[in-house]
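Enquirer: Okay, here's what each chain looks like letter by letter:
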Amino acid sequence: MSGAAQTVRQTVTQTIRKPFARPVFLRRAAVPLGIIAIWQAAAAFGLLNPQTMPAPSAVATSFWNLIITGQLWPNLIISLERVLLGLSIGVITGGALAILAGLSRLGEDMIDPSVQMARTLPHLALIPLVILWFGIGETPKIFIIALGSTFPIYLNLYSAIRGADRKLLEASSILGLSHAETIWHVTLPAALPGFLVGLRQAFGIAWISLVVAEQINSSSGIGYLVMNARDFLQTDVIFDGLLVYAILGLATDQCVRALETHLLTWRPQTLSKQGA
Amino acid sequence: MNMLSEPQIHGQDFHGSTEPAVEINNLTRAFGDNIVLKTLNLTIRPGEFVALLGHSGSGKSTLLRTLAGLDPAPAGTVRVPQALSVVFQEPRLLPWKRVWRNVTLGLRDKNPRAKAEAALHEVGLGHRLNAWPLTLSGGEAQRAALARALVREPELLLLDEPFAALDALTRLKMQSLVTSLWRAHRPAVLLVTHDVDEALSLADRILVLEHGTISTDIEIPHPRRGSPHPELRTRLLQALGVTQ
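Here the protein sequences come in this chain order: A and B.
Every letter in the first sequence is one number past the one before it in the working numbering, and letter 131, counting from 1, is 132.
Every letter in the second sequence is one number past the one before it in the working numbering, and letter 201, counting from 1, is 595.
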């Protein structure tokens, strides 16, 4: 009986899902691939000015040239280094401030109002000032990236610490956990998902900050490639730069997602993803 | 007294002490103008199973929280043993620690893993030692919470409506599990519940809390023998303002 019911249900699901279920990847890729195809066709029919809008094939060719002439890698590495260094500083600063403000009333009173005030200021508006302070070397770039990524880390981690389940905190006090043990076993693990959300936002802001920071007087990095290409009217190279930024953003987002899966194995959604 | 109704287990000296497990004198607790507990007195003997009935808002949770040390006792004295465990209505397991790690949390012991395994086997959860708490069913999670309470060898076990969120069948299983665990370990138990039948089938003694004081205090003759006690049931329901 139950075997028959099982079979019937399977047949039903198959008939419903079969035409669409399989090529998920194809369905998702259809729109971007379609746009590229139309773009390429429009270029082939001479509808686009190659000076302002080069064909996808031209972009691909110049991308390949950037790789084989060795222009891409050193600049890519430099940009990655800037982001990772700035982001690390931002994570440490934002994380430390959030922990201080989240765990103590004194810390909250001293830190939170100032940070909440500072975060309303668009950090990119500080660039002229930062150039006056630090010149045009690496320091202002790192500073802008670090400053921008501090806030999402602080805001998410702080509210996650404050939002830790009071019932779990009560239970651990009855279990005899010391203050330090409670922070280590309860508060911080409870705040970890919020921190990871902050980390993803911080990565996003770090890339934006990098793009802007690299356009001020750079002599290296992806931003330098793009600005240089503008001066020589190499529109295809500008597109190459945009492509690299997009790939890097996507890649770092995937890294944080992988980190989430690894660190939050206990969540039901992670468990079901792993089939455990 | 009625404590001696189960002679095969009684007669021994629980935890080497004959002092009361709980002693409350003139406890008063108010939130603003609202007096929740009013000069309340209560003594619970070692190994005694006491059920506390009351309407929501009658102060029974406040009383339990005061005993657990979660709420201050501004007026009056409250004496409870050092070894005290609480099981709440929700299991309150840390979702990011495996079940056995939850059981050993805060336990100062040379071999916590072995203790956790023993306790989890005892509550019938020996096969889920390494499970993540969020994958447990409601009954399983509550068993884990019981194991976490037991592993501390409590002299006083506070149960705050621990079966209220369970389905009827699971509740019956959990009630008999609590009875057998109590028989094996003999802590004094204070069970907060609003279920008269549950109180009658589990406890030696039933209290009704009303307007911040204990209005009814009944020793159950021949407890846990399955006798229905219809007259006691009626009396308790009347004390709770339920007329049939």
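Worth flagging that the hints you see were computed from the coordinates, not collected in a lab.
Certain hints may be false.
To be verified - List time: in silico DMTMM-like cross-link candidates among lysine to aspartate or glutamate, alpha-carbon distance up to 20 Å:
hint, chain 1, residue 1, chain 2, residue 2
1, A, Lys168, A, Glu182
2, A, Lys168, B, Glu516
3, B, Lys567, B, Glu516
4, B, Lys491, B, Glu511
5, B, Lys491, A, Glu261
6, A, Lys168, B, Glu511
Enquirer: Please go over all the hints and tell whether each is borne out by the structure.
Expert: Hints, one by one, checked against the model:
no.	hint	verdict
1	A:Lys168 x A:Glu182	holds (16 Å)
2	A:Lys168 x B:Glu516	violated (26 Å)
3	B:Lys567 x B:Glu516	holds (14 Å)
4	B:Lys491 x B:Glu511	holds (15 Å)
5	B:Lys491 x A:Glu261	holds (16 Å)
6	A:Lys168 x B:Glu511	violated (25 Å)
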